[in-house]
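Protein chains: 2
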Amino acid sequence: MALWINGKIVEPTESPLDPTDRGFTLGDGLFETMRYEGGSIRHLDRHMARLRLGAAVLGIELTWTEALITPAAEALARINQLDDGVVRLTLTRGPGMRGLLPPPQPKPTLVLTLQPMQAPMIPACVTISPVTRRNEFSPLSAIKSLNYLDAILARIEARSRGFDDVILLNTQNRVAESSVSSVFAVIDGVLCTPPQQEGALPGVARGLVIEQLNPQICPISLADFARATQVVFTNALGLRAVAKIEGVDLIVGEAYTQIKDALEVRSIPK
Amino acid sequence: MALWINGKIVEPTESPLDPTDRGFTLGDGLFETMRYEGGSIRHLDRHMARLRLGAAVLGIELTWTEALITPAAEALARINQLDDGVVRLTLTRGPGMRGLLPPPQPKPTLVLTLQPMQAPMIPACVTISPVTRRNEFSPLSAIKSLNYLDAILARIEARSRGFDDVILLNTQNRVAESSVSSVFAVIDGVLCTPPQQEGALPGVARGLVIEQLNPQICPISLADFARATQVVFTNALGLRAVAKIEGVDLIVGEAYTQIKDALEVRSIPK
Numbered sequence: 000m001a002l003w004i005n006g007k008i009v010e011p012t013e014s015p016l017d018p019t020d021r022g023f024t025l026g027d028g029l030f031e032t033m034r035y036e037g038g039s040i041r042h043l044d045r046h047m048a049r050l051r052l053g054a055a056v057l058g059i060e061l062t063w064t065e066a067l068i069t070p071a072a073e074a075l076a077r078i079n080q081l082d083d084g085v086v087r088l089t090l091t092r093g094p095g096m097r098g099l100l101p102p103p104q105p106k107p108t109l110v111l112t113l114q115p116m117q118a119p120m121i122p123a124c125v126t127i128s129p130v131t132r133r134n135e136f137s138p139l140s141a142i143k144s145l146n147y148l149d150a151i152l153a154r155i156e157a158r159s160r161g162f163d164d165v166i167l168l169n170t171q172n173r174v175a176e177s178s179v180s181s182v183f184a185v186i187d188g189v190l191c192t193p194p195q196q197e198g199a200l201p202g203v204a205r206g207l208v209i210e211q212l213n214p215q216i217c218p219i220s221l222a223d224f225a226r227a228t229q230v231v232f233t234n235a236l237g238l239r240a241v242a243k244i245e246g247v248d249l250i251v252g253e254a255y256t257q258i259k260d261a262l263e264v265r266s267i268p269k
Numbered sequence: 000m001a002l003w004i005n006g007k008i009v010e011p012t013e014s015p016l017d018p019t020d021r022g023f024t025l026g027d028g029l030f031e032t033m034r035y036e037g038g039s040i041r042h043l044d045r046h047m048a049r050l051r052l053g054a055a056v057l058g059i060e061l062t063w064t065e066a067l068i069t070p071a072a073e074a075l076a077r078i079n080q081l082d083d084g085v086v087r088l089t090l091t092r093g094p095g096m097r098g099l100l101p102p103p104q105p106k107p108t109l110v111l112t113l114q115p116m117q118a119p120m121i122p123a124c125v126t127i128s129p130v131t132r133r134n135e136f137s138p139l140s141a142i143k144s145l146n147y148l149d150a151i152l153a154r155i156e157a158r159s160r161g162f163d164d165v166i167l168l169n170t171q172n173r174v175a176e177s178s179v180s181s182v183f184a185v186i187d188g189v190l191c192t193p194p195q196q197e198g199a200l201p202g203v204a205r206g207l208v209i210e211q212l213n214p215q216i217c218p219i220s221l222a223d224f225a226r227a228t229q230v231v232f233t234n235a236l237g238l239r240a241v242a243k244i245e246g247v248d249l250i251v252g253e254a255y256t257q258i259k260d261a262l263e264v265r266s267i268p269k
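Protein chains in written order, with numbering that gives the first Met the number 0: chain A, 0 to 269; chain B, 0 to 269.
Treat the hints as calculated values from the structure; they're not laboratory data. Where a beta carbon is used, it is the ideal one built from N, C-alpha and C, also for glycine. Treat the hints with care, since some could be wrong.
If you want the footprint, here are the derived chain B segments under chain A, 3+ residues with CB under 8 Å [said to hold, decoys possible]:
| no. | stretch |
| --- | --- |
| 1 | 9 to 17 |
| 2 | 23 to 34 |
| 3 | 62 to 74 |
| 4 | 81 to 92 |
| 5 | 101 to 115 |
| 6 | 133 to 140 |
Label pairs and their in silico Cβ distance ranges [said to hold, decoys possible]:
| no. | chain 1 | residue 1 | chain 2 | residue 2 | range |
| --- | --- | --- | --- | --- | --- |
| 7 | A | Asp223 | B | Lys106 | 41 to 49 Å |
| 8 | A | Ile216 | B | Ala225 | 31 to 39 Å |
| 9 | A | Ala118 | B | Asp82 | 38 to 46 Å |
| 10 | B | Gln117 | A | Gln215 | 51 to 59 Å |
| 11 | A | Ile216 | B | Thr69 | 52 to 60 Å |
| 12 | B | Val247 | A | Thr62 | 39 to 47 Å |
| 13 | B | Ser220 | A | Asp223 | 28 to 36 Å |
| 14 | A | Val251 | B | Pro103 | 25 to 33 Å |
Work the whole structure out from these sequences, hints included.
This is how it looks when you write it as structure tokens:
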């Protein structure tokens, strides 16, 4: 699978990726996962806005613009013979010597890959992670950084118990998000989602749903969440209904349909 | 600066590092920073024990042993013409397709670099980070993972205000560690350090100091910390005295000398 690094299409085996890249050594970078279809990237403007915000938080200079990303995705589609798929954009602070402080003149790294979309997925059976928590005190909760190990650990543990996905609580034991998605829940008949300050990543799909459906944005305690009758996960690749949380059945109902319409997606991707 | 990847010495420009390596894409890995001098790595057994523990937490198979690491460091010293320095070992889960779940048969990546030691450093002027917190609820607080962005953000912000290093509090507003070191403080005449459950990484130097000086291992609130008369930072490269915290003078005194003796180091490395 060929990929794009700093303006060049390369095979992974001939990668010019420097092992001193701070993305590799320290997780010092950001990423975006985007839907590529019909020759364009869905909501590229929103993804780039979030990337710019994250780059500002980390102090990484972002000189690449939308005008470069779409042709790069097209080139990857051509060379990898894919009509559509998932573009992953990775931006790092670039190579550096040992130590936490960045080099005086960082040269950021940008990598794009295009991979096939996965098959539509059935409604998820979900657990609440006993393994780790989202840190709502960290600015990383508000940006899509490369520091993804908490979500990985939670997901691996959940899978070991047979679950499809996992909900992460914050340090106050309130709902933050799933390992890969934003969480919407119908509680006492009202569509709700946690605010960013609770450790919820400002997801692109989450933003679209909020703008169109005007849900209540409020902290969700475990007691609140236990009263949820419908739960829907969203991310930039689409939405997923939740069938069960900790074995308790939920309805796949009106909230799912409304959110699906809001996102204008036809399938149920991962 | 040549480096060692999966058994081969290579130049960074001819790196076989795959851009789909999960260390690069998700921070899915671990590292150790070790002192190389006189042809051997100080406390290699302790570093490898911590690495094995971290690998077990992440579920990464670690087949490399001490017997391989020392010759690799020697080869790097020879080719890079360094008599001593700092070995950085990076272990990742290896390449993978998009998504959080690891591939069925991961092929872990191991990278070693050897870089010069930095010059001895004067006692540090330190601040307490207003930017972020250690997440003591996460298993990542107990292992040396690649997810280092919280410490990077805290350090960059502290430097922007003229400080040499920065103390990270946990989510309960208690002392966890500095951006690169364990923290020892003399409070009410007693040498103290926070326990691991407070978000303190089980540092190799910290372990040596605990074994030899038997400090009180106890949570340190901001009120406790304000009464500290001496503060010393330790990491695998040595120790550093703290001259001031938030502008308030401390003594560089007996605790520094005791910890220095416990670590048997002659200089004050970074």
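> Between B:Gln117 and A:Gln215, does the beta-carbon spacing fit 51 to 59 Å?
Replying inline: At 53 Å between Cβs, range holds.
> Could one say that the CB atoms of B:Val247 and A:Thr62 fall in the range 39 to 47 Å?
Replying inline: holds, 42 Å
> Should the hint that A:Ala118 and B:Asp82 are 38 to 46 Å apart at their CB atoms be regarded as holding?
Replying inline: Roughly 57 Å apart at Cβ, these two residues miss the hinted range, so it is violated.
> Do the Cβ positions of A:Ile216 and B:Ala225 conform to the proposed distance bound of 31 to 39 Å?
Replying inline: holds, 38 Å
> Has the stretch 9 to 17 of chain B got at least three residues whose CB is nearer than 8 Å to a CB belonging to chain A?
Replying inline: holds (count 6)
>> Please check whether A:Asp223 and B:Lys106 have a Cβ separation lying inside 41 to 49 Å.
In response: holds, 43 Å
>> So is the stretch 23 to 34 of chain B in contact with chain A by the C-beta rule, three or more residues under 8 Å, or is the coverage claim wrong?
In response: holds (count 7)
> Taking the CB of A:Ile216 and the CB of B:Thr69, does the distance hold inside 52 to 60 Å?
Replying inline: Cβ of A:Ile216 to Cβ of B:Thr69: about 55 Å, so the range 52 to 60 Å holds.
> Taking a Cβ-Cβ distance under 8 Å as contact, does the stretch 62 to 74 of chain B have three or more residues in contact with chain A?
Replying inline: With 0 residues close enough to chain A, the hint is violated.
>> Looking only at beta-carbon atoms, does the pair B:Ser220, A:Asp223 fall within the given range of 28 to 36 Å?
In response: holds, 31 Å
> Are there three or more residues in the stretch 133 to 140 of chain B whose C-beta lies closer than 8 Å to some C-beta of chain A?
Replying inline: The restraint on the stretch 133 to 140 of chain B holds, since 5 of its residues have a Cβ under 8 Å from chain A and three suffice.
> Checking C-beta pairs, does the stretch 101 to 115 of chain B have three or more residues closer than 8 Å to chain A?
Replying inline: holds (count 4)
Of the numbered hints given earlier, the model fails hints 3 and 9; all others are met.
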